[in-house]
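Colleague: Start from chain H and add chain R according to the hints.
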Amino acid sequence: MSTRDSDWDGVRLHVVTGKGGTGKTTVAGALALALASGGKRVLLMEVEGRQGIAQLFDVPPLPYAERKVAVAPPTRTRPGGDVYALVADPESALLEYLEMFYNLRHAGTALTKLGVMDFATTVAPGLRDVLLTGKAAEAVRRKAGGKSGGRVYDAVVMDAPPTGRIGRFLNVTSEVSGLARMGPIRGHADTVQRVIRSPDTVVHFVTVLEEMPVQETLDGIAELTSLPGGAIQVGAIIVNMTRPLALPAEQVQAAADGRLDTDELAAGLKTAGLDDSPVLAAELAAELTDDARGALATELQRDRLDGPVRPCYELPWLSHGIDLGGLYRLSAALRDQGAA
Amino acid sequence: MAGAARPPALDVDGLIDDRRTRIIVCCGSGGVGKTTTAAAIGLRAAERGRHVVVLTVDPARRLAQSMGLSMLDNTPRPVPGLATPDGEPADGSLHAMMLDMKRTFDEIVEAHSDPDRAAQILANPFYQSLSSSFAGTQEYMAMEKLGQLRRAQEWDLIVVDTPPSRSALDFLDAPQRLGRFLDGRLLRLLTAPAKVGGRAYLRVLNAGFGMVTGVLTKILGAQVLRDVQTFVTALDTMFGGFRERADYTYQLLRAPGTAFLVVAAPEPDALREASYFVERLAQERMPLAGLLLNRVQRAPAARLSAARSQAAAETLQASGSHPLAVTALRLHSERMQQVAAQRRLAEHFTSAHPVVPVAEIPAQAQDVHDLDGLRAIGHAFGTAGE
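In order, the protein sequences belong to chains H and R. Heads up: the first sequence begins at 58 in my numbering, then just goes up one per residue. Heads up: the second sequence begins at 117 in my numbering, then just goes up one per residue.
So here's chain H without its partners, still in its complex pose:
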């Protein structure tokens, strides 16, 4: 068992969203690893057909099947754990749904030929989203066979659509109810909705400290907490790709204003045996100024996130890009900050 409570004890569905380019898939993968540690079994689910998980874990493209993709390493205090991955596409989810509830799988080919699959998975508003969130809800609720009767997965992590579409994606009931006031798909949507709106589900927002992603995060949080059908629980804000300050904090403003002591800089370069020309000193000072301006802009954005009381995790920028080693580092950082 874990040595301390995490911020999300009892949460079984973690929905991870974020603006494009913020590293949503990477963070979802790191979170799945973090949650798996301690002998847990976690399902990481992808719903946008990009094969981002396969790339992240460096495995061949994944089918519509649950495959083990990674092992969370044991630590001194915790045993390891398993991460499974699933690439859910609406067509397969629909066929599975038909088979599960109506034993209609064989109808698939005929349906595809007539354009029914096209209709059901891409045209019919909201249906596609119900199928995808429905698959997540099914994985969350699935029970293991045998006497234990426990859940198959301790947690499900969903790499969800970007922030701009997350409210609509998760708010399936109202989307579908505009269309279907009753009937089986409505019933299915209602079941999914009970899972999404239960205390077992949280939505985490991944952002970087830039104006637009932060704005989208704040807008997204406001949207989820004021949905017409009732709020969906917001989890953590996960600030990705943070960099440490290069300069001591008290020098940042001076550097940003271009008031650095270039003579002192030039003297230092000379001591280090480098070209001591004022030109190099001026060029390096320009780099410091650029960095300091970026850092100040970043601080402004951090202040904007600093309002609502909710966990905020920070993940470092990895200069060598994201490989498996980097992913494990990020998952350890999440664990250390209480995410798992």
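Among these hints, one or two may not hold up.
If we take Cβ atoms under 7 Å as the criterion, some of the chain R residues that face chain H in the derived model are [what the hints assert, rightly or not]:
#  : residue
1  : Ser145
2  : Gly146
3  : Gly147
4  : Pro416
5  : Ala417
6  : Leu440
7  : Ala441
8  : Ala444
9  : Leu447
10 : Gln482
11 : Asp483
Listed next, the in silico DMTMM-like pairs over lysine to aspartate or glutamate satisfying Cα-Cα at most 25 Å (straight line) [to be verified]:
#  : chain 1 : residue 1 : chain 2 : residue 2
12 : R       : Lys218    : H       : Glu280
13 : R       : Lys218    : H       : Asp276
14 : H       : Lys125    : H       : Asp146
15 : H       : Lys327    : R       : Glu430
16 : H       : Lys200    : H       : Asp66
17 : H       : Lys200    : H       : Asp139
18 : H       : Lys125    : H       : Asp257
19 : H       : Lys125    : H       : Asp66
20 : H       : Lys125    : H       : Glu153
21 : H       : Lys125    : H       : Glu195
22 : H       : Lys125    : H       : Glu148
23 : H       : Lys327    : R       : Glu450
To spell it out: a stretch of chain H is covered by chain R in this simulated footprint if at least three of its residues, at any positions, have a beta carbon under 8 Å from a beta carbon of chain R; those stretches are [claimed, not checked]:
#  : stretch
24 : 68 to 80
25 : 264 to 270
26 : 318 to 330
27 : 346 to 355
These aren't lab readings, by the way, just hints derived from the structure by calculation. Just so it is clear, the structure is predicted and the values come from calculations on it, not from any experiment. All C-beta atoms in this analysis are idealised placements derived from N, C-alpha and C, irrespective of residue type, glycine included.
Modeller: Below, chain R alone, put in the same frame as chain H:
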């Protein structure tokens, strides 16, 4: 650099100065600065004498504000404050608008039917869902709006920012998918009972039809099917050929005078998407102008290598003196590594697509807040090829 592929330079100024260029489509994955780039292209073209309208789909309030507008809506609004580099009022003009997909769809319905029928369609639950939330409606309406702007003849250059799709390719496919559905066999089957002669058609397909409606009823419920049927019947008699409209805009995209600019950031995911897009455009024989590589890291002191900089920082730190120089050298070393990593990614792209012209836009330390910010970006890509 030995063996490193150098791409041809993308001449953006040449493209926007060429009066034959009538449409520029900016595409790329989300989060690469596509919308801002589209606005910067529009502004630069207008200040160089073109009459430009920028069609954006991204509701970023800040972008509107940076153009001196309190908000953007479905009508092109004039952007004030245009000037030539000498500070003279510009000869060209710039309008900006943001796509409202439901409004655009409503307008098509209203324009093509009598008021009674229009009201009937607008009130249909299926239409309401379709027009506000179908995953492809935004793409379809963006293309529809593009066609409208082109026909209006009020502007000689239209800059389009494509929707933030899950995949950059969606906007090519979605209009056809919607068109295919609205014109397709399935709808013919569904609406057949409502039409004269439908019965004979049905008898032939009886078995298949029964199965299909059976399944659809199971999935959706009978009421949804009734709504769909009512909607399609109303639509069908009103104006045929949704698919024709989709085909028209598709042809417009292939016509001479259209240029695609793929926008990417020097990151693996964004460049992978850019690669797919370049291949797809070639497949569809769409005219690709080139790649705009946004947010490229630069290092003013580039002649000092990462390794030398790092070594000097270590020597200096050991001596315990000159902390400012130590910081500067470490930062420079990291920056040089980042520059090199980005360079490698750009080279990978170019070795896969050696003929695609590229222009780079250096990373800006601050977000864009006004026309000057947009001008700075425009200046960066305008002079990139020099």
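Colleague: Determine for every hint whether it applies to the structure shown.
Modeller: To see whether the hints hold, each was checked on the structure:
no.: 1; hint: Ser145; in the structure: holds, 6 Å
no.: 2; hint: Gly146; in the structure: holds, 2 Å
no.: 3; hint: Gly147; in the structure: holds, 2 Å
no.: 4; hint: Pro416; in the structure: holds, 4 Å
no.: 5; hint: Ala417; in the structure: holds, 4 Å
no.: 6; hint: Leu440; in the structure: holds, 5 Å
no.: 7; hint: Ala441; in the structure: holds, 2 Å
no.: 8; hint: Ala444; in the structure: holds, 4 Å
no.: 9; hint: Leu447; in the structure: holds, 4 Å
no.: 10; hint: Gln482; in the structure: holds, 5 Å
no.: 11; hint: Asp483; in the structure: holds, 4 Å
no.: 12; hint: R/Lys218 x H/Glu280; in the structure: holds, 20 Å
no.: 13; hint: R/Lys218 x H/Asp276; in the structure: holds, 21 Å
no.: 14; hint: H/Lys125 x H/Asp146; in the structure: holds, 18 Å
no.: 15; hint: H/Lys327 x R/Glu430; in the structure: holds, 14 Å
no.: 16; hint: H/Lys200 x H/Asp66; in the structure: holds, 19 Å
no.: 17; hint: H/Lys200 x H/Asp139; in the structure: holds, 17 Å
no.: 18; hint: H/Lys125 x H/Asp257; in the structure: holds, 24 Å
no.: 19; hint: H/Lys125 x H/Asp66; in the structure: holds, 23 Å
no.: 20; hint: H/Lys125 x H/Glu153; in the structure: holds, 20 Å
no.: 21; hint: H/Lys125 x H/Glu195; in the structure: holds, 18 Å
no.: 22; hint: H/Lys125 x H/Glu148; in the structure: holds, 22 Å
no.: 23; hint: H/Lys327 x R/Glu450; in the structure: holds, 21 Å
no.: 24; hint: 68 to 80; in the structure: holds (count 4)
no.: 25; hint: 264 to 270; in the structure: holds (count 4)
no.: 26; hint: 318 to 330; in the structure: holds (count 9)
no.: 27; hint: 346 to 355; in the structure: holds (count 5)
Hint check: no violations occur; every hint is consistent with the structure.
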